[in-house]
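Can you make the complete structure from the sequences, with help from the hints?
Sequence order for the protein chains is H and G. Oh and the first sequence: position 335 is 335 in our numbering, straight run, nothing missing. Oh and the second sequence: position 244 is 244 in our numbering, straight run, nothing missing.
FYI, nobody ran anything at the bench for these hints, they're computed from the structure. Hints may contain errors.
Same chains, same names: a pair is fine if it fits in one copy or spans any two.
Claimed, not checked - In silico DSS-like links for lysine-lysine, alpha-carbon gap of 30 Å or less: (1) K308 <-> K180; (2) K145 <-> K393; (3) K150 <-> K259; (4) K46 <-> K330; (5) K400 <-> K57; (6) K150 <-> K57; (7) K325 <-> K46; (8) K427 <-> K46; (9) K145 <-> K259.
Computed from a predicted model, the values in this text were never measured in an experiment.
2 protein chains.
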Amino acid sequence: MNSDHPSRTSLDRRTTLQLLGGAGALLLAPTWARATAGPDLAAIRKQVVAQHDANVKRLQDWIRVPGIAAENHNMGPACAFTEQLLRDAGFQHVERVETHGQPGIFATLDAGAKHTLGLYFMYDVKQVNPSEWSSPPFDAALVDKAGFGKVVVGRGAVNQKGPEATFLAALHAIRGAGQKLPVNLVLVAEGEEEIASPHFADVVHRPDVLAALRRCEGIFMPFASQDPDGAVEINLGAKGVIELELVASGEHSGRGPSKDVHSSLKAAVDSPAWRLVQALNTLVTADGNDPAIDGWFDDVVPLSAHEKELIAAQIARSREETMLKSLGVKHWVRDMSFSEAMDRLAGQPTANIEGLVSGYTGQGGKTILPGRAVAKMDFRLVPNQTAAGAQQKLRAHLAKRGFGDIEVNVTGGYDPTTTDEHSRLIKVSQAIYHRHGIEPGLNPRLGGSWPGYIFTGEPLKLPAGHFGLGHGSGAHAPNEYYVIESSNPKVAGLDDAVMSHVEYLYELAAGF
Amino acid sequence: MNSDHPSRTSLDRRTTLQLLGGAGALLLAPTWARATAGPDLAAIRKQVVAQHDANVKRLQDWIRVPGIAAENHNMGPACAFTEQLLRDAGFQHVERVETHGQPGIFATLDAGAKHTLGLYFMYDVKQVNPSEWSSPPFDAALVDKAGFGKVVVGRGAVNQKGPEATFLAALHAIRGAGQKLPVNLVLVAEGEEEIASPHFADVVHRPDVLAALRRCEGIFMPFASQDPDGAVEINLGAKGVIELELVASGEHSGRGPSKDVHSSLKAAVDSPAWRLVQALNTLVTADGNDPAIDGWFDDVVPLSAHEKELIAAQIARSREETMLKSLGVKHWVRDMSFSEAMDRLAGQPTANIEGLVSGYTGQGGKTILPGRAVAKMDFRLVPNQTAAGAQQKLRAHLAKRGFGDIEVNVTGGYDPTTTDEHSRLIKVSQAIYHRHGIEPGLNPRLGGSWPGYIFTGEPLKLPAGHFGLGHGSGAHAPNEYYVIESSNPKVAGLDDAVMSHVEYLYELAAGF
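Structure below.
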């Protein structure tokens, strides 16, 4: 991944050699050659190397100011720290945007360029269970990780502070080399991505923010795209989601006790826990694997033939056994094939139980009849389902079956998102990956979610995606990490990841 | 409740006055008069009063050595402390009986009497959640409680250390007065009552223990029988119970993940949480209020006409509004009448969810698909259901529906128990309550459970019951208490409760 001699001649040579090695790579060398008045990448890279320690420290400091939206923990300082990072990186206008939840951030960097590029950041992180971590989750320690090299371990290391700090480092390097950013930047950030972004639309649709975003050619999210082997999968879209709690309680429904009572009373009083179980049972098919909510599939668009081809190409490059093993799973649902399962991962709406909580949850038993029962759930959505429509259908479905007493407390969610395979954002990503010897896979739709629809849907209808070399893992899990110095030549360390963002900015700009 | 002048003449006078006042009281004055060589109750009472502080301290010290079976916490010291209390009270033979779970105790007191009485003790207590207590649960503080007087607050205060310490105080008083116990005693104790007594049968059926129990006329459990108004309800029986966990997991079943994975994977993998919900749903009727397990009602004997009369008599003395309010309930199941609901409390088998635990149970949500889901449950049983039969039917029911992958982990349980209304144990209880101005209700069967079947069933077939003046409340709840000095003349404080046990022993003996 080291490009220590980034003169165009050597780049072309390396690119050609790599193109000969890769299959079906896009020949962008001619495009690059056209940009003869381009940046001095060598000088910028020199800055990247010189600023390495400062870049690492910036990321570590950021991790050490955690902001956990689900627990409303430390969000103010987390937002403020992020705002300062943006100012330090050169954004002239950085503004906290208050919402009914956690604040967002609106920032602009005017580089006097012809074109403008949008950026999406999140500054919140997932909850942690510290006892599960071998290195404390907010220490941001730099440790040796066998097979990877030196990594930063911490909550947010890869999701998303590592990649975001990597992008900011690109801005620092360009400025440090005395060069101009080739595009203006408009950045919107939220502090609620981990809780399904309930107020992000409020930030983005503020009239001046919307106007600024309308000026953008597209929007991207810095991302650590490489897997441990250096491979990259480009997601052309993502499922939508709604996250909610279904709550049954005697207090709310008037049936059953309003507090925990002795379990012998089951003979005479209703049980909110049973009520919840029975309501839940109406939501899925007999094998529990598909939603059975009235009208749920009305607007669902099945995968196209092309999308299935893309998935098939992905599968051809993957190893089913590896995936099964990493999940600790022996069979896909209904014992279907890998191909069918991956089609479902991209194309099928889901109804999932994240957690169940009722009554006594400690060791052994306790003879109580609980007054309350909760199911924490998420539902993934595909085009053309909408988060608003899904909520409405769920409530109607429950009401129709006499479960109107079940509270449906939606905490967040958003529509699915899709970006055109042929958009410049995607094409340039592919080109840069190819240049670095990577044959990126094209995934029509991620099984998970991000609020890209805010950009790809009405009224903006901009292409949106992810980009970035680099690797990390453990999002939402213990021991989340991000690679700083890579011991694997196929995987970019921090410096190379920073340079990939530098290349991305200049290459995008060249083609607008 | 003070009988400061217990000469027979004044007792007769008081009894007569009370009999004129109470309805349908049993005339036992003649029986009492026959026992002319009876005990010197005045002298015994003097000891009770003199030993008051020591009696209170004994109880406080006992509460301060908690033993929580569900958490396997401190059980060794709890058992040892109890053994010593028995030795101190005069049991010459006190033996710890090891089991595959918590140890039991077998103790005998040979008073050289003609007849022998059995006793059932439990030395374990329920779990606590200290943050819910206004006085720490194991401090055993003596506090003023408005409307009641001075009470000891602590886990086990009323359930069961208070009443058991009260009985032991009776033995101390009798001995302190230089008098003989009128009966020999055989005592069996367990440390697992709060976890449904999984090993108690092993203690009781040890050949020498069984032989000792066979010599008993009956067995009773000291109990704080009075409600806040001083009223008493005598239970002629109790439902049986089984307590268990139903567990669905990818690890055990081979379907779904063996650990928590990202929730987007619901499209491709089975969910143990949904599996559990669907299995649970097969166990009850459409409104969740009755078991729907195959064969569950095959051996159920409906309430007899007489049992329903007894319940109706209870209801006539009760206030439905009071009960509803104390439970925080607005309606009985199916909006039935108080009468129907109380019939069900005595006569209907139940299937209850004590707790649900799966995946993420903290604040907000977390986008995981959990690898495991647990339902903690208890099922109350009526004659002629058996704990063994119930387990077998539950497993068969689940297996028949394809849910054989659900683990059924039974932690404890036992059969229903019934004692003849006309047994001496019950008759003498009624007489003593009447003598103290109480008209005890007769409840054919408690909706809750105690392992009385161990005594009333094969092979012992002995009458078994509860007895004791005194009041406390909060079993299994925060701020459990037991009245020491009663500010309500209708409710016995410690000294009067101790005397009630003295009277019980002598009166039982007189009639054997």
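Here is how each hint holds up against the structure:
no.	hint	result
1	K308 <-> K180	neither (42 Å within a copy, 92 Å between copies)
2	K145 <-> K393	neither (47 Å within a copy, 53 Å between copies)
3	K150 <-> K259	between (52 Å within a copy, 27 Å between copies)
4	K46 <-> K330	neither (49 Å within a copy, 75 Å between copies)
5	K400 <-> K57	neither (56 Å within a copy, 61 Å between copies)
6	K150 <-> K57	within (14 Å within a copy, 63 Å between copies)
7	K325 <-> K46	neither (42 Å within a copy, 76 Å between copies)
8	K427 <-> K46	within (27 Å within a copy, 99 Å between copies)
9	K145 <-> K259	between (49 Å within a copy, 23 Å between copies)
Going down the numbered hints, you'll see the structure goes against 1, 2, 4, 5 and 7, while the others check out.
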